[in-house]
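S.K.: Protein chains in written order, with our numbering: chain A, 2 to 286; chain B, 54 to 422.
Hints are computed from structural coordinates only; laboratory data are not their basis.
Some hints here could point you the wrong way.
To be verified - Derived coverage of chain B by chain A (criterion: at least 3 residues anywhere in the stretch with Cβ under 8 Å from a Cβ of chain A; other residues may be distant): (1) 181-190; (2) 204-213; (3) 283-297; (4) 332-341.
C-beta atoms are modelled at their ideal positions from N, C-alpha and C, and glycine is treated no differently.
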Amino acid sequence: MKTAITVIGVLFAAGVAWPAEIHAPAQTIAGSAITISTSGSGEATFYLIGPASAIKQKVQAGSDIPLDGDKLDNAGRYVAVLCASDGCTSTSFSVNPAAANKLGMLVHPSRVPIGKPNGISTVAFVFDNFHNLVLKPQPIKFSILPKDGKAVSTNRDSENGVAWVRISSGNKEGATKIGAEIGHADEVRVVQQIAAEACNLRIKAGREKNAFVVETDPVRDCAGNSVPDGTVVSFTKTDAAGKTTVDVPIKRGIAKVQMPIDGRARITVASGVVTGNELEVAGSQ
Amino acid sequence: MKRTLPILIVAVTTVLVVISWFQSGGTQRREMRSASTPEQAVRLMLSQVQSHNYDAAYDRLANRSDVDKTTFVREFEGSYGSLLTYASLESFDVSPLHATDSDANVRARLHYSTAVGPLDDTRDIKVEKTGDAWKVQWPVSQASKLPPQVIPVNYLRWDVINRGAGDEWGVQNVDSPQVRIVSMNAIQRPDSVVLVGEVVNEDSVPAYVNVGATLLGANGNELAQESSFDKISHVLLPKQVTPYRIDFPNMRLERVKNVRMDAKALLVAASADPVIEINQQKMETDALGKKVLSGDLLNESGEIVNIPHVIAAYYDSNGKVIWVSDGYVAQALLPQIPVPFAVDVPPDIAKNVQTYRVVVNHYDTNSRS
Chain A
2 MKTAITVIGV LFAAGVAWPA EIHAPAQTIA GSAITISTSG SGEATFYLIG
52 PASAIKQKVQ AGSDIPLDGD KLDNAGRYVA VLCASDGCTS TSFSVNPAAA
102 NKLGMLVHPS RVPIGKPNGI STVAFVFDNF HNLVLKPQPI KFSILPKDGK
152 AVSTNRDSEN GVAWVRISSG NKEGATKIGA EIGHADEVRV VQQIAAEACN
202 LRIKAGREKN AFVVETDPVR DCAGNSVPDG TVVSFTKTDA AGKTTVDVPI
252 KRGIAKVQMP IDGRARITVA SGVVTGNELE VAGSQ
Chain B
54 MKRTLPILIV AVTTVLVVIS WFQSGGTQRR EMRSASTPEQ AVRLMLSQVQ
104 SHNYDAAYDR LANRSDVDKT TFVREFEGSY GSLLTYASLE SFDVSPLHAT
154 DSDANVRARL HYSTAVGPLD DTRDIKVEKT GDAWKVQWPV SQASKLPPQV
204 IPVNYLRWDV INRGAGDEWG VQNVDSPQVR IVSMNAIQRP DSVVLVGEVV
254 NEDSVPAYVN VGATLLGANG NELAQESSFD KISHVLLPKQ VTPYRIDFPN
304 MRLERVKNVR MDAKALLVAA SADPVIEINQ QKMETDALGK KVLSGDLLNE
354 SGEIVNIPHV IAAYYDSNGK VIWVSDGYVA QALLPQIPVP FAVDVPPDIA
404 KNVQTYRVVV NHYDTNSRS
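Required output: the full structure, derived from the provided sequences and hints.
M.R.: Structure, rendered in structure tokens:
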């Protein structure tokens, strides 16, 4: 009898001394709540070490530890550690990204000359609601929304969270919207398609009311596109009174300036590094 | 002892008052009160202007019936937010040009201290004898006045929307403008090395441009680093070209093996208004015998330009930029009213100048750009 009691006592003591254990699901989804089960008894400390956060809390060994979804926002590998009086034990689990619901989008450049093949680079990054990159392939719809034209779209599957498309700029200058869409998420960027340098810059002179006026023909690039309004055209007039220069921005496609003429005068025009024709005029003209 | 301290204080105060009276030109003013010579008349008037005693200065004029006092004060104090409104008359030199018993011509060189540095103004002033005293015949302002009217202005304006604090990752700002240095020329001046050239905004949006340069020695070591500071028109509209000049004081060109240029451009909100016409540009010799490039500025818009800044590039017969000079204009540019300007050209440079190009930069107190 004495021996039996001694054996039971030893077994009980051994049972008390068994190390606490911790069990977690092998994987879960970002933002989802889980429960981590533990074994053992007595007071213990629970640690959760994630890719972007760490928590510490007092727990009772042998009870379940509930983890709210907001503690598991970041995708990646987590390590759960339980430390009791007899030592520490740990387990690890993976948190996978949730469903794709956000897009990051890079479009370059923000201004592009018209008619440039593959001139616009559009890259979309797929994220879940918690900014985790979604690595599983996802279908993304890229759209081009010209100002005065029909929208064009194409689908691409993301690879390792990234999808991209190269777009040629259109033949018409102006702002174009480029969008990417996944599920309920969409992002839009604006790319300005611009005409190239002025080509065949030409001026003509005339009288308007009582003033002598010099104006350009409609300023276009070599492909016939209008150079944007606001582009500076420099007029230079040389006559007996000296030299006159004036930088005039293009307005509604032409640049126009009033200039006093004293006798014979020579008028030249330039825009940036492009020069135009010369005019020889007389004051009475 | 009881009386010694008050007596000492009174004595020290008296000495200090006398010293300050001498230092503030009291003797000079006392001597000139009588204005027994034409130069004294001008000196007296200008010293009273300097001490902002405009009533006394105005009283020194012989032609008060022709000159409005407000206009006279504005000649020195400025108006419409012009550079003179941020200036004070620091000193002046007076020299005789011609004199008879009844009248004389006197040249006055006025040295202003302004917010952008020293500003010199040379005036030839007529002086006439009235009774026993000489009085100043102040030139009557010939500036035309603009009648009330509406000047329609519908030039472009560019605004920029930058990324906001709440934007997601990947919402990048609009690209910076593309600018290009189209020419650069290094010149040895007596006391410095000077880099001059031109830069163009090749883009379709406005740019805030600054040009910097680093001089490198034989071993590739940095000798000096400077920027164009205000010797450039910083805001460039699309396809606009500006001259720039970078000064390296106390530097010799022989020490320089290489130059590293850096044009930085920022996208900025800007307006295509005002358009300023630069008329009647010509190289001439001014009253002091200096070579200058002079002309008239005409503000074609309806907005007042407070502080015009003229920058001129000079080219040799090969079309190379050989110098860049600049100057601030003391007067504000009112709409449609021409205002003269003149910028210095060094005499050794002037003889090689084949042609030139002038741009006008402007600083406006109510600027929207």
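S.K.: Each hint needs a verdict: does it hold in this structure or not?
M.R.: Hint by hint, here is what the structure shows:
Figure legend: the segment 181-190 of chain B, annotated as covered by chain A; annotation inconsistent (0 residues with Cβ-Cβ distances under 8 Å, at least 3 required). Requiring three or more residues with a Cβ within less than 8 Å of a Cβ of chain A, the coverage given for the segment 204-213 of chain B holds, as 4 such residues are present. Three residues within the 8 Å Cβ limit are the bar, and the segment 283-297 of chain B against chain A gives 5, so the coverage statement holds. Counting residues of the segment 332-341 of chain B whose CB lies closer than 8 Å to any CB of chain A gives 4, which reaches the minimum of 3, so the coverage claim holds.
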